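Q: Single-letter residue listing:
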Amino acid sequence: MADKTIQLKIKRQPNPEVAAYWEDFELPWRPNMNVISVLMELAMLAKTKDGKPTTPITYDSNCLEEVCGSCAMLINGKAHMACSALIDDLEQPIKLEPLSKFPIVRDLAVDRKVLFENLKRVKAWIPIDGTYDLGPGPRQSEAQQNEEYPYSRCISCTCCMEVCPQFNEDTGFVGAATIAQVLLFNLNPTGQMQAPERLRALMGDGGIHECGYAQNCVEICPKDIPLTKAIATVGRAVVGQAVKDLFTT
Amino acid sequence: MASRVSPQPETHTIAAGVAPLRAGQGHSFLLRRLHSLSGIVPVGAFLVEHILVSNATAMNGPEAYANQVKFLASLPMVLFLEAFGIWLPILFHALYGFYIWYRGDGNTISYPWQGNWMYTLQRWTGLIAFAYIGWHVWHLRFAGIDLHAHPGASFGKVQSEFAVAWQLAFYVVGLLAASWHFAYGIWLFCAKWGITVGERARQRFLVVCMVIFFTISAVGLLSIRSFLTTPRQPADASAGELHAKPAPPTAPVDKK
Ligand code: SF4
Ligand code: SF4
Ligand code: FES
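Line order of the protein sequences matches chains H and Y. For the first sequence, position 155 matches number 155 in the UniProt record's numbering, and the numbering has no gaps at all. For the second sequence, position 10 matches number 10 in the UniProt record's numbering, and the numbering has no gaps at all.
Same shape as in the complex, but just chain H (with noise of 0.2 Å):
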């Protein structure tokens, strides 16, 4: 019982210019380890499993609780937030790669800045700054708070951009996660001013039409939010306000 382990290969990367390599490691298993916790083990060991000195792997993490979206990799092959990916949940040897849709940092670490581009490019946001005070915005019912909370749950992982046929580099598409923000931000009342401006940059190239409605996105989204709901709300709002456009502009 005390010789229990765990076993796990991690792809290292030291910088995005060289190849790619894998390492084996082995620490003392202990009840209740998540990936992060491991891999906070390993940076204090430092050592591969046949003994060899290593550096500590490189790695995106914050709150340790699913809420703040930096941790997701992909963990035996699939994305996953290695926060709440538990051990013992877990196929050993557990295989750690970064996220396979993103321009590398180093190890396990990524750049996900085109999630934060296109949530700009979409005006994801409710603008309220102005040279007076706006006042408070109009009251919500409660039906219509129940309908916008599950989108703001977004943690902007980009698991539901990781595992989506449709983006890639030939297709530059925009992804779950932005489209399922321009809904909350257009059910928003106050928000809902800008909704044509946000409709109209989905219609762009790589916008909402790019979505083959695989529903991987549904389906590995750690917060489970509602994403196929959101593309066909967005999409019928898009097409509507296409035919809108073409009739009064």
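Honestly, the hints are just simulated from the structure, not real lab data. Quick caveat, the model's predicted, so the values are computed rather than measured. By construction, the Cβ of each residue, glycine as well, lies at the ideal position given by its N, Cα and C atoms. A portion of the hints provided could be inaccurate.
As the list claims (entries may be wrong) - Selected chain Y positions facing chain H (Cβ under 8 Å, derived; list incomplete):
| # | residue |
| --- | --- |
| 1 | G17 |
| 2 | P20 |
| 3 | F29 |
| 4 | V53 |
| 5 | A73 |
| 6 | P76 |
| 7 | S110 |
| 8 | G115 |
| 9 | K192 |
As the list claims (entries may be wrong) - The calculated label-pair distances, taken between Cβ atoms and stated as ranges, are:
| # | chain 1 | residue 1 | chain 2 | residue 2 | range |
| --- | --- | --- | --- | --- | --- |
| 10 | Y | N60 | H | Q144 | 51 to 59 Å |
| 11 | H | K78 | Y | Q167 | 25 to 33 Å |
| 12 | H | N62 | Y | D105 | 25 to 33 Å |
| 13 | H | Y21 | Y | A131 | 37 to 45 Å |
| 14 | Y | P112 | H | D89 | 15 to 23 Å |
| 15 | Y | R200 | H | D89 | 50 to 58 Å |
| 16 | Y | L37 | H | D89 | 39 to 47 Å |
| 17 | H | E147 | Y | S54 | 44 to 52 Å |
| 18 | H | D89 | Y | L121 | 24 to 32 Å |
| 19 | H | D89 | Y | I40 | 30 to 38 Å |
| 20 | Y | R141 | H | S152 | 28 to 36 Å |
Assemble the complex: chain H is given as a structure, and chain Y with the ligands must be docked to it using the hints.
A: Same frame as chain H, but now just chain Y with the ligands:
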């Protein structure tokens, strides 16, 4: 990873990786929506007519089938209708579909979920249906006896197609692929255009689309069976003459 001490100008662009949304640029939205629409009308509508209306007449015997072919051939500007109502839309739908397929990265191995399998299946059934349709149109419409001039030879010509085992198999596979591609295509259309917005609505509609698939397949297969169970009909120009006049009854006429 940027240093906080030396404020460098923001020159770091995404070197590799997926480009952000090109808001306000390009025509892909229009093309994708046309692609989606063309699968329903005219291509899907034609499929329904072809299988559920025209081919189904084969179940009423060679006579009825020949009359349907004669009626279709007599439509005004039939070549124009065929070219702009059927062939060009199918060609656009297929070629643009291949382009979409080429740019996507199927990942059913890593993520073997139902929707993902359907995504992949939609591409393969499209390819099979397109290959089949190309061969079918060339073989039946252009090669051999011209059925527009000799509608009476239609039944026999189809029978001679089915006489070759691999051709019969290709007809069956082509039928199933096309009707699946169409049925799931309706489901995709309604999801993407925001007709079935809710999860439950989409699940219910999937059942409707499966019924559509089974209906089209069943009628198609029963039509194929009629060709196989009816004795061989002539498939040359003489048969065309035969049916041009009121044809001799093949079954005893009800006299009252
Ligand atoms: S439904 Fe499929 S294609 Fe569309 S965003 Fe989600 S994973 Fe991508
Ligand atoms: S929608 Fe879900 S999977 Fe996508 S970034 Fe947000 S939380 Fe992550
Ligand atoms: S560390 Fe914040 S989501 Fe995992």
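Q: If a hint holds in the structure, say so; if it does not, say that too.
A: Going through the hints against the structure:
no.: 1; hint: G17; in the structure: holds (4 Å)
no.: 2; hint: P20; in the structure: holds (4 Å)
no.: 3; hint: F29; in the structure: holds (4 Å)
no.: 4; hint: V53; in the structure: violated (30 Å)
no.: 5; hint: A73; in the structure: violated (38 Å)
no.: 6; hint: P76; in the structure: violated (32 Å)
no.: 7; hint: S110; in the structure: holds (5 Å)
no.: 8; hint: G115; in the structure: holds (3 Å)
no.: 9; hint: K192; in the structure: holds (5 Å)
no.: 10; hint: Y:N60 with H:Q144: 51 to 59 Å; in the structure: holds (58 Å)
no.: 11; hint: H:K78 with Y:Q167: 25 to 33 Å; in the structure: violated (44 Å)
no.: 12; hint: H:N62 with Y:D105: 25 to 33 Å; in the structure: holds (29 Å)
no.: 13; hint: H:Y21 with Y:A131: 37 to 45 Å; in the structure: holds (43 Å)
no.: 14; hint: Y:P112 with H:D89: 15 to 23 Å; in the structure: holds (18 Å)
no.: 15; hint: Y:R200 with H:D89: 50 to 58 Å; in the structure: violated (30 Å)
no.: 16; hint: Y:L37 with H:D89: 39 to 47 Å; in the structure: holds (45 Å)
no.: 17; hint: H:E147 with Y:S54: 44 to 52 Å; in the structure: holds (47 Å)
no.: 18; hint: H:D89 with Y:L121: 24 to 32 Å; in the structure: holds (30 Å)
no.: 19; hint: H:D89 with Y:I40: 30 to 38 Å; in the structure: violated (44 Å)
no.: 20; hint: Y:R141 with H:S152: 28 to 36 Å; in the structure: violated (57 Å)
Hint check: violations occur at hints 4, 5, 6, 11, 15, 19 and 20; the rest are consistent with the structure.
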